[in-house]
Amino acid sequence: MQTSTSPTAPVREELDAVVIRFAGDSGDGMQLTGSQFTHSTALMGNDLATFPDYPAEIRAPAGTTYGVSGFQVHFASHDIMTPGDEPDVLVAMNPAALKTNLADLKRGGLIIVNTGAFTDGNLKKAGYTTNPLDDDTLAPYRELRLDISKHTLAAVEDFELGTKEALRSKNMWTLGLVLWLFGRDMQPTIEWLGQKFAKKPEIRDSNIAALKAGNAYGETAEMPSGIGVYQVPKADLGAGTYRNITGNEALAWGLTAASQLSDLRLVLGSYPITPASTVLHALAKLKRFGVTTFQAEDEIAACCAAIGASWGGAIGVTTTSGPGVALKTEAIGLAIILELPLIVVDIQRGGPSTGLPTKTEQSDLLQAMYGRNGDSPLAIVAAATPGDCFFMAIEAVRLSLKYMTPVMLLTDGYLANGAEPWRIPKMADLPKLEAKFADPDNIPEDYHPYLRNPETLARIWAKPGMPGLEHRIGGLEKHFDSGNISYDPDNHHKMTKTRAAKIAGIAKDIPAQACDSGEAGDTLAVVGWGSTYGSIAQAVRRARSKGKKVAHIHIRHLSPFPANLGELLGSFDKVIVPEMNNGMLVKILRSDFLIDAQGVNKIAGQPFKVAEIEAAIEQHLG
Amino acid sequence: MSPSDPIKLTRKDFASDQDVRWCPGCGDYAILATVQRTLPELTQEKEKTVFISGIGCSSRFPYYMNTYGFHSIHGRAPTFATGLKLANPELDIWVISGDGDGFSIGGNHMLHVLRRNVNLQILLFNNRIYGLTKGQYSPTSLVGLRTPSSPFGSVDRPVLPASVALGAGARFVARSVDTAAKHLGPMLKEAHAFRGTAFLEIMQNCPVFADGTWLHATDRATAAETQLMLEHGKPMIFGKEKNMGLRLRPKKLELEIVKLGENGVTEDDLLVHDETNQAMAFLLAAMEPPTFPIALGVLYRAPAPAYDDAVISQIEATIEKQGAGDMDTLLNSGHTWTVE
Ligand code: SF4
Chain A
1 MQTSTSPTAP VREELDAVVI RFAGDSGDGM QLTGSQFTHS TALMGNDLAT FPDYPAEIRA
61 PAGTTYGVSG FQVHFASHDI MTPGDEPDVL VAMNPAALKT NLADLKRGGL IIVNTGAFTD
121 GNLKKAGYTT NPLDDDTLAP YRELRLDISK HTLAAVEDFE LGTKEALRSK NMWTLGLVLW
181 LFGRDMQPTI EWLGQKFAKK PEIRDSNIAA LKAGNAYGET AEMPSGIGVY QVPKADLGAG
241 TYRNITGNEA LAWGLTAASQ LSDLRLVLGS YPITPASTVL HALAKLKRFG VTTFQAEDEI
301 AACCAAIGAS WGGAIGVTTT SGPGVALKTE AIGLAIILEL PLIVVDIQRG GPSTGLPTKT
361 EQSDLLQAMY GRNGDSPLAI VAAATPGDCF FMAIEAVRLS LKYMTPVMLL TDGYLANGAE
421 PWRIPKMADL PKLEAKFADP DNIPEDYHPY LRNPETLARI WAKPGMPGLE HRIGGLEKHF
481 DSGNISYDPD NHHKMTKTRA AKIAGIAKDI PAQACDSGEA GDTLAVVGWG STYGSIAQAV
541 RRARSKGKKV AHIHIRHLSP FPANLGELLG SFDKVIVPEM NNGMLVKILR SDFLIDAQGV
601 NKIAGQPFKV AEIEAAIEQH LG
Chain B
1001 MSPSDPIKLT RKDFASDQDV RWCPGCGDYA ILATVQRTLP ELTQEKEKTV FISGIGCSSR
1061 FPYYMNTYGF HSIHGRAPTF ATGLKLANPE LDIWVISGDG DGFSIGGNHM LHVLRRNVNL
1121 QILLFNNRIY GLTKGQYSPT SLVGLRTPSS PFGSVDRPVL PASVALGAGA RFVARSVDTA
1181 AKHLGPMLKE AHAFRGTAFL EIMQNCPVFA DGTWLHATDR ATAAETQLML EHGKPMIFGK
1241 EKNMGLRLRP KKLELEIVKL GENGVTEDDL LVHDETNQAM AFLLAAMEPP TFPIALGVLY
1301 RAPAPAYDDA VISQIEATIE KQGAGDMDTL LNSGHTWTVE
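As they're listed, the protein sequences go chains A and B. The first sequence: position 97 = 97 (my numbering), numbered continuously. In my numbering, each number is its position in the second sequence, counted from 1, plus 1000.
Don't take each hint at face value.
Unchecked claim - Rough simulated footprint, nothing fancy, chain B against chain A, three-plus residues with beta-carbon under 8 Å:
hint	stretch
1	253–261
2	350–362
3	460–469
4	473–480
As the list claims (entries may be wrong) - Here are the simulated SDA-like cross-link-like pairs (lysine to any residue), alpha carbons at most 25 Å apart as the crow flies:
hint	chain 1	residue 1	chain 2	residue 2
5	A	K125	A	D158
6	A	K463	A	P377
7	A	K196	B	L1009
8	A	K196	B	T1038
To be clear, the hints were calculated from the coordinates, so they are not data collected in a lab. C-beta: ideal position from N, C-alpha, C; glycine also.
Using the sequences and the accompanying hints, generate a full structural model.
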């Protein structure tokens, strides 16, 4: 316990880490509330991680459980990697939000509940037969019952808005209160409101009034016993300039950075699909970087346009989710036999088919690895955290340009929408990317379009427009020595082996697999890929702090694997592979390395909790 | 060869070293010859010429052209062409497609490339049959056609490519015949000169699987009676004696054939071809012998901004207004904070 030095300020209890979940109807503005709280928190120097969870329906009927939208933020004075297992604080704006979220709240946790929304109608829509505020439903928790609706109406009274319009500000009233509880500054939100509603001064001012009123309420009202005010001191982050970044933002910027680093135009072909559309939105804004975005008529057209652009000497990119990859499959196969650069970004979501569009999953790995006709090896990389999407986008482009091959970049809904504080890199520190084009002034005597670099096996990149290098490419098998169509059996064998060797050869050009924590020869290896990074890292560190001999291996290059991976995995007695699917990486590791790796699977559309991984470690270490 | 090179390109310069492998007598040979003969008149920059095709007999076309060529996947040629055009708007792109490639599996892309008006030429080889897969009925085959996949006669109603193109919002729609080099050559030039998507349907004979499918319209012996050669601003007259004409049936929006000199009909009563009139183009596109002559030439030409021009000018205008982007500035935009 620490006391503040200011005589008028309240005594704030110091906490290491707090998880807050804002939950309400999708019309209640919970995503905005959560992200504004996140901003203020980041500015205080906390480490943090967020997890928005919104319904699939665009406008689900108000007050129903399937219209509940949530935003969870975890912030701490130390480094954290996940949005937190269980909330310490739950803000429930209506009965449906209480119903769907209460079970997750920590016992003894704080619940802030808007009693104003607990009308008979809303209770019924949420499926309550009795009012949970009247029985002992909330008994295991600390409660702060407030009629937020009424307080908000009073706060914005002067603006003479209609009731409906006035009530829209109740999220800001709530934010004001929560900012007060955790000692965060209101100023960033006031500035943000000022910008967002610059053209609607009435809305701006009423929201600011509500925000301030919520804050003032905290300051002046007598809080019930057991409800303290808190502070979470700064985290010890490394020196540098930071920002909050979501995975999709980082991805869009990473692709743009790759375009700058290679001096090539970025051409995105994309078709709107959840959760990938925000990458298209972000890139569509960046015209001043010469970024060209093409919203195609379908997923196939999006991918094919990207391939056409690549042939023309641009970085062709297509962004999508699993169902979109399925449609692009034939075109990806074409890019493999054409041996042209192409970036396919798969922001995975729950499947199969349309599945769970707004929920996260890692179930496209086998599709990425094997989901094409013919022997069609593909380079695959995966981002581990929201900020890592920036770097893996650059890595995907690097490999694609150097090896003249499509590269698939896997992320998922959790990375796409989740945010973390991110130390902003300097462009000058990032290595340039080199695109090697054929030289029309220096045409090799034996020129043909499938002439290869003997080291990388990449074929020569001659783009239309270059005089003297005219050639024909296509989906039919090509002769190794001339690039002409060939149905020769031995040639097809050789070309298939060559395409495979080219991808396999990338292993020499990527970092050796290291342990994120622990070391070779420990008893247990926990092997992950993609967005499970945070949960696994934290769980393994906790287990190690208890003296367990367990290591965390996180794979970012999935095809090919780092050259030492098999040997590294072989040094452990046991290997477990947590994945948000029914066992995919585990299958590949078992078949590639003949090891008895065991899957730990969660297929709930939700990320792993740290505790779940800890339990798996316990179980396997015995 | 650079553009300043004084040596003129010839037909031979556009022929690749690959053996042409269509069946003997295929209409594609005639089209290839006319394209190779016409290109030297259109460009001296072979390296900027690109042929992109899908899948099918016609889609072999790029292999026989000594230009840049791309034999892509079934139905998707317009999408690769659009992407390539966005990467390098300087290129002169010809899309080669067939009735199956362009109006069955690739129907969606055809619709969208036409409505966007991407600056390229589409040559649609319409032979009313699937040749490469050995003779199944295609989306332009007539009802009743017996093929291996329709042994009792096709019950599918056919699509009219020119009408669909017009419906999709194409700004240039023309029609010609594979072996009519004297007509096809100038049509290629007109298509090439159009800034936007130029859609040229070529009636093509497949002697192996649909021999004579267009004979009722293209037979030289009867061509004068079965073909209407469209010319902008000229009355619609056809027939060996140049005495047949087209006019609107009084009180109806439909065409009728009239004979000049009969019932007091004079040239003044006839329709005058107006390339910019879309309603007229629809009427012309639907004509087919024996009821009507087939309309050949430019059915519709109404220039509109090309898609790629609009995309590029939007990018350029943004750079002019906002300045070229600086990545470090972008990364540091919005809320940031510094940890010492
Ligand atoms: S099958 Fe018909 S269209 Fe195809 S090459 Fe032979 S003749 Fe020509």
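Coverage of the stretch 350–362 of chain A by chain B (three or more Cβ within 8 Å): violated (count 0)
Stated coverage of the stretch 253–261 of chain A by chain B [criterion: 3+ residues, CB within 8 Å]: holds (count 4)
Given hint A:P377 paired with A:K463 - CA-CA distance at most 25 Å: Distance of about 24 Å is within 25 Å: holds.
Satisfaction of hint between A:D158 and A:K125, Cα-Cα up to 25 Å: 32 Å, violated
Restraint status (C-alpha distance of A:K196 to B:L1009 at most 25 Å): 60 Å, violated
Verdict on chain B covering the stretch 460–469 of chain A, criterion of 3 CB contacts below 8 Å: holds (count 7)
Coverage assertion for the stretch 473–480 of chain A with respect to chain B, Cβ distance below 8 Å, three residues required: holds (count 4)
Given pair status - B:T1038, A:K196, alpha carbons within 25 Å: Violated - the C-alpha atoms of B:T1038 and A:K196 are around 58 Å apart, more than 25 Å.
Hint check: violations occur at hints 2, 5, 7 and 8; the rest are consistent with the structure.
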